[in-house]
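There are 2 protein chains.
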Amino acid sequence: MSQATPPSRIWTAALIVIGDEILSGRTHDKNIAQVAAWLGVQGIRLKEVRVVADETAAIVEAVNSLRARNDYLFTTGGIGPTHDDITVDAIAEALGVSVVVHPEARAILEGYYATRGGLTEARLRMARVPEGAELIPNRITGAPGIRHGNVFIMAGVPGITAGMLDRLSGTLEGGLPLLSATVGCWVGESEVADLLRQTEQDHAACQIGSYPFWREGRTGANFVIRSVELAQLEACTEDLVSGLATLGREPVRGGI
Amino acid sequence: MSQATPPSRIWTAALIVIGDEILSGRTHDKNIAQVAAWLGVQGIRLKEVRVVADETAAIVEAVNSLRARNDYLFTTGGIGPTHDDITVDAIAEALGVSVVVHPEARAILEGYYATRGGLTEARLRMARVPEGAELIPNRITGAPGIRHGNVFIMAGVPGITAGMLDRLSGTLEGGLPLLSATVGCWVGESEVADLLRQTEQDHAACQIGSYPFWREGRTGANFVIRSVELAQLEACTEDLVSGLATLGREPVRGGI
Numbered sequence: 000m001s002q003a004t005p006p007s008r009i010w011t012a013a014l015i016v017i018g019d020e021i022l023s024g025r026t027h028d029k030n031i032a033q034v035a036a037w038l039g040v041q042g043i044r045l046k047e048v049r050v051v052a053d054e055t056a057a058i059v060e061a062v063n064s065l066r067a068r069n070d071y072l073f074t075t076g077g078i079g080p081t082h083d084d085i086t087v088d089a090i091a092e093a094l095g096v097s098v099v100v101h102p103e104a105r106a107i108l109e110g111y112y113a114t115r116g117g118l119t120e121a122r123l124r125m126a127r128v129p130e131g132a133e134l135i136p137n138r139i140t141g142a143p144g145i146r147h148g149n150v151f152i153m154a155g156v157p158g159i160t161a162g163m164l165d166r167l168s169g170t171l172e173g174g175l176p177l178l179s180a181t182v183g184c185w186v187g188e189s190e191v192a193d194l195l196r197q198t199e200q201d202h203a204a205c206q207i208g209s210y211p212f213w214r215e216g217r218t219g220a221n222f223v224i225r226s227v228e229l230a231q232l233e234a235c236t237e238d239l240v241s242g243l244a245t246l247g248r249e250p251v252r253g254g255i
Numbered sequence: 000m001s002q003a004t005p006p007s008r009i010w011t012a013a014l015i016v017i018g019d020e021i022l023s024g025r026t027h028d029k030n031i032a033q034v035a036a037w038l039g040v041q042g043i044r045l046k047e048v049r050v051v052a053d054e055t056a057a058i059v060e061a062v063n064s065l066r067a068r069n070d071y072l073f074t075t076g077g078i079g080p081t082h083d084d085i086t087v088d089a090i091a092e093a094l095g096v097s098v099v100v101h102p103e104a105r106a107i108l109e110g111y112y113a114t115r116g117g118l119t120e121a122r123l124r125m126a127r128v129p130e131g132a133e134l135i136p137n138r139i140t141g142a143p144g145i146r147h148g149n150v151f152i153m154a155g156v157p158g159i160t161a162g163m164l165d166r167l168s169g170t171l172e173g174g175l176p177l178l179s180a181t182v183g184c185w186v187g188e189s190e191v192a193d194l195l196r197q198t199e200q201d202h203a204a205c206q207i208g209s210y211p212f213w214r215e216g217r218t219g220a221n222f223v224i225r226s227v228e229l230a231q232l233e234a235c236t237e238d239l240v241s242g243l244a245t246l247g248r249e250p251v252r253g254g255i
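Protein sequence lines, in the order shown, are assigned to chains A and B.
Mapping of the first sequence onto numbering that gives the first Met the number 0: position 208 corresponds to residue 207, and the numbering continues sequentially without gaps.
Mapping of the second sequence onto numbering that gives the first Met the number 0: position 118 corresponds to residue 117, and the numbering continues sequentially without gaps.
Hint data in this document are derived by calculation from the structure and do not stem from the laboratory.
Note that beta-carbon positions come from the ideal geometry of N, C-alpha and C, so glycine has one too.
Accuracy of the hints is not assured; some may be wrong.
[To be verified] Reference excerpt, derived from the structure (chain A facing chain B, CB under 10 Å, subset only):
{"id": "1", "residue": "R8"}
{"id": "2", "residue": "A36"}
{"id": "3", "residue": "V48"}
{"id": "4", "residue": "T55"}
{"id": "5", "residue": "V59"}
{"id": "6", "residue": "A113"}
{"id": "7", "residue": "A203"}
{"id": "8", "residue": "A204"}
{"id": "9", "residue": "Y210"}
{"id": "10", "residue": "R217"}
{"id": "11", "residue": "T218"}
[Unchecked claim] Each pair of labels, with its calculated beta carbon distance range:
{"id": "12", "chain 1": "A", "residue 1": "Q200", "chain 2": "B", "residue 2": "T170", "range": "40 to 50 Å"}
{"id": "13", "chain 1": "B", "residue 1": "A56", "chain 2": "A", "residue 2": "L175", "range": "39 to 49 Å"}
{"id": "14", "chain 1": "B", "residue 1": "R138", "chain 2": "A", "residue 2": "S97", "range": "34 to 44 Å"}
{"id": "15", "chain 1": "B", "residue 1": "P102", "chain 2": "A", "residue 2": "D165", "range": "51 to 61 Å"}
{"id": "16", "chain 1": "B", "residue 1": "F212", "chain 2": "A", "residue 2": "L229", "range": "53 to 63 Å"}
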């Protein structure tokens, strides 16, 4: 299949982070960065993230708008055993399918809880899936993630999500991975704005992002060049390094 | 105005985090948590967050859908001096207004850069605002944030955004702050799922969130009770503490 795909095809994904604890500021999200980085390695570009509350209507709306316009949709959070875990029901509603107990998920949970007090009704909730779903193994706490078509339903706890992503590695079709190079410089970004704009214009296959910082009373910035084409990336990076040197600014390859 | 507002009115806000660097996984966002926590203190509830790329169409769509259905809309990122800083132009497009140089912003930048090489064309970009906007002072790096109606345009660098939020403190109308209490317990959340559900049902003014964790080989969870009514919050918390004790589980007030 990948042979028939032209190299310029860009595969995209969206992520929905589900949870009142993120919206209240209580919990600092770690899933956006880890899903983003993992997708990058798969050759899939994260296009948009939404953080929504533990509310069915909010989840349904986000799922339906994002799954339609991306190749893949990931969700994190809300698949545990308690009353506030409504992700499976909300996604089933969005997909227009029933919620069923997945026999294999039930068997996994029976095994996991055999020595941990047995499979109670609350724990059995974690075997419920939108009808037609497959499972994503979870070696850490038993309860699996769920795949339904292009929708991937993952845990909220980052360490568990990491294990699920690891199991999915290499199984999703993607395009060319987005490559990047970083050049740092102790310079105010406004001093090199023209150089950045011109360098990006000279390399149509590259984007340059400028990320300023202030440390120890000094002003600096990292410039990140991104491209799917290695030769273009290297040429653009060299031009930026030369340009900074020409302006009397010392470029730091790899960033500061 | 607040006297005429019934206490049950809930004020809401949305946040748009603008930046390829978040979507690539390169930068871990810190603005969601800090804006969320600050809004909570103002009595404003963060309802939804979107992370979008540095693309005009994506920003315009997010701005227009979120500002219509929330009392306030905040954005972070993309207001610097470089070519990838397109937030002001995109938001002006969303609002249907022109982009103009704000005279006071220009004066601020002239002062700030007087001893730093002068106000170049690139730096003057940071004085551009959607027509009709007011400024939000930035004591750290000069370039101000921007308010246009219910839209608040903030910096991407978290320390600068913090300063802008600080200047806005107490100026936005909000409702009752959402109060919370946390009870931790070394217990699998599935073992207390029924207790959590029943306790929440018994206290209609409260929501209970359950946040499991695994540390040092042990299973635990924090239960966060939220309410705008202190007496209800305390009653619900007491019932949960008693319920955990009745099940033979030691509750830890304040969380683990």
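Under the criterion of a CB-CB separation shorter than 10 Å, is A/A36 in contact with chain B as hinted?
3 Å, holds
Proposed interface contact between A/Y210 and chain B, which counts if any beta carbon pair is under 10 Å:
6 Å, holds
Restraint outcome when A/A113 is required to lie within 10 Å of chain B by C-beta distance
14 Å, violated
Kindly confirm whether 53 to 63 Å is satisfied by the beta carbon distance between B/F212 and A/L229.
Check failed, 41 Å falls outside 53 to 63 Å.
Falls inside 51 to 61 Å, the C-beta gap from B/P102 to A/D165?
Roughly 55 Å apart at Cβ, these two residues keep to the hinted range, so it holds.
Using the Cβ atoms, figure out if B/R138 sits within 34 to 44 Å of A/S97.
57 Å, violated
Let me know if the C-beta of A/T218 comes in closer than 10 Å to any C-beta of chain B, holds or violated.
8 Å, holds
Is 40 to 50 Å respected by the C-beta to C-beta distance linking A/Q200 and B/T170?
41 Å, holds
Tell me if the interface restraint on A/A204 is satisfied: Cβ within less than 10 Å of some Cβ in chain B.
16 Å, violated
Interface hint check: A/R217, Cβ to nearest Cβ on chain B, cutoff 10 Å. Holds or violated?
Hint on A/R217: violated, closest Cβ of chain B at ~12 Å, above 10 Å.
Restraint outcome when A/V59 is required to lie within 10 Å of chain B by C-beta distance
13 Å, violated
Hint A/T55 vs chain B: min CB-CB distance below 10 Å?
14 Å, violated
Hint violations for this structure: numbers 1, 4, 5, 6, 7, 8, 10, 13, 14 and 16, all remaining hints satisfied.
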